[in-house]
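Colleague: Protein chains in written order, with our numbering: chain V, 1 to 243; chain P, 1 to 243.
In case anyone wonders, no lab produced these hints; they're calculated from the structure.
Among the clues, some could well be false.
The list treats identical chains as interchangeable, and a pair is accepted whether it falls inside one copy or across any two copies.
Once the Cα atoms are required to be at most 25 Å apart in a straight line, the calculated SDA-like pairs of lysine to any residue come out as [stated by the list, open to error]:
hint	residue 1	residue 2
1	Lys243	Trp226
2	Lys76	Ile221
3	Lys80	Thr95
4	Lys223	Asp170
5	Lys2	Pro39
6	Lys222	Gln32
7	Lys17	Arg82
8	Lys44	Asp121
9	Lys199	Ser21
10	Lys80	Ala123
11	Lys76	Asp174
12	Lys243	Glu36
13	Lys199	Leu230
14	Lys44	Trp226
Number of protein chains: 2
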Amino acid sequence: MKQNKYDDPKFFAEYSKMPRSAGGLEAAGEWQVLRENLPELLGKRVLDLGCGYGWHCQFASEQGASLVVGIDISEKMLSKARELNSAENVEFLNTAIEDFKAAPESFDVVLSSLALHYVRDLAPVFLKVAELLSPRGIFCYSVEHPVFTSREQQDWCYDDEGNASYWPVDSYFDEGQRTTNFLGSEVVKYHRTVESHFKALVSAGFELESLVEPCPSPEMIKKMGWQDELRRPMMLILRAVKK
Amino acid sequence: MKQNKYDDPKFFAEYSKMPRSAGGLEAAGEWQVLRENLPELLGKRVLDLGCGYGWHCQFASEQGASLVVGIDISEKMLSKARELNSAENVEFLNTAIEDFKAAPESFDVVLSSLALHYVRDLAPVFLKVAELLSPRGIFCYSVEHPVFTSREQQDWCYDDEGNASYWPVDSYFDEGQRTTNFLGSEVVKYHRTVESHFKALVSAGFELESLVEPCPSPEMIKKMGWQDELRRPMMLILRAVKK
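So here's chain V without its partners, still in its complex pose (with noise of 0.2 Å):
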């Protein structure tokens, strides 16, 4: 059963009140880092993995994307992007990642922001990615960092004053599950390792064309005050073209 923490009302409702929740991609840490990332839009058929509140699809059809669709789990996530993100031309689908179904060489740029990590099995979504896109079609994601994911408790480690004294790392070998809290809740991530994530783009038939450990920029930190985002890597973001 694959996990629909997005539809659960108490969990949703935390999420709703995350900055780049109300913000949009501007209050995402990593944005701009991504959308350096990003190929050009302009005309092609877009399909957005786990696609939430649905800013991405915005932005690509704002971009002059001829085709966007945005599929997610979640129907009250779908529901909040149809309200905010309405944009012509984009299509919003219910549906788990592991399931979604399209013909081959349906889209051009297939791009996923912090949802991969929800998928308990990287290799049969990379090899469907590969069948959907165009020859030389791009495939962009970001996750949570392995270093990020290691631990259940995903968590700093704390000095009796209660600051941040540093990032734990264990079990980093040991890729699967973890139930960790997140706004409130538990919910099911699945760590896998960077050479994890290098291993199931090649093997899907990608090159890797860009590797990055994106941080804030320096204005987001001293305005969030994000000032720990420097001590460890949070997220990954890896964008790999069909060869």
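Since the structure of chain V is already known, use the hints to place chain P on it.
Modeller: Showing chain P alone in chain V's frame:
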């Protein structure tokens, strides 16, 4: 001034006692994985950057390389290399990695084992490696993993009984010098992110073919008591091809 720690008699004496020094490649936890990632060496011209005792040069020679050049900044290491690994076709040169010069396209394979974290600036070295390689030449190297090098202490956090509690990460995005304790001596290494390795390779004209976070084999873990090696990545192996 480039560091030449291995010519320090005390440090060299300690290094000589390490399993990998006394036992060669088979005593190095990452060797099997590095070996799997090396290309076919038969008939190839091979350069080893920071060759140390020359174990990898010896291996290349045994695999039928037509020429093997091992370079190292430490004359003590090279003396030992000439004594232990003096196969025909192997030439040892006393020079820093940063200072080595040869004609363009002089080599088909450049390898480096656990030496490049002593190099301050990767970019000029990688550009030189690309120049030294023939078209479609292979660059394969291991370094200490960024998770391992982020803090100067480069050690576990321990509980009251002296057991490793977890591996602390800090200052991850603060790239540069780390003065750390290795074998009872102060040694300067350079911390950089996974992203920086990838970017330095791509900027020098390489395509990444492998990204591996090696673990010792289950047999070695048992034999050597290395159970903690599964808890955090210690090394990174990258193989790239000149485009």
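Colleague: So, for every hint listed, does it hold in this structure?
Modeller: Here's how the hints hold up against the structure:
1. Lys243 x Trp226: neither (38 Å within a copy, 39 Å between copies)
2. Lys76 x Ile221: Neither. Shortest intra-copy (30 Å) and inter-copy (48 Å) distances fail the 25 Å Cα cut-off.
3. Lys80 x Thr95: For Lys80 and Thr95, the Cα distance is within 25 Å only inside one copy (15 Å; across copies 63 Å).
4. Lys223 x Asp170: between (31 Å within a copy, 22 Å between copies)
5. Lys2 x Pro39: Answer is neither: 30 Å inside a copy and 41 Å across each miss the 25 Å cutoff.
6. Lys222 x Gln32: within (16 Å within a copy, 46 Å between copies)
7. Lys17 x Arg82: within (18 Å within a copy, 66 Å between copies)
8. Lys44 x Asp121: neither (28 Å within a copy, 39 Å between copies)
9. Lys199 x Ser21: neither (32 Å within a copy, 31 Å between copies)
10. Lys80 x Ala123: Neither: 30 Å inside a chain and 46 Å across chains, both beyond 25 Å.
11. Lys76 x Asp174: The answer is neither: 33 Å in one copy and 40 Å across copies each exceed 25 Å.
12. Lys243 x Glu36: both (21 Å within a copy, 23 Å between copies)
13. Lys199 x Leu230: between (27 Å within a copy, 19 Å between copies)
14. Lys44 x Trp226: So Lys44 and Trp226 fail the 25 Å test inside a copy (35 Å) and across (50 Å) alike.
Going through the hint list in order, the structure does not satisfy hints 1, 2, 5, 8, 9, 10, 11 and 14.
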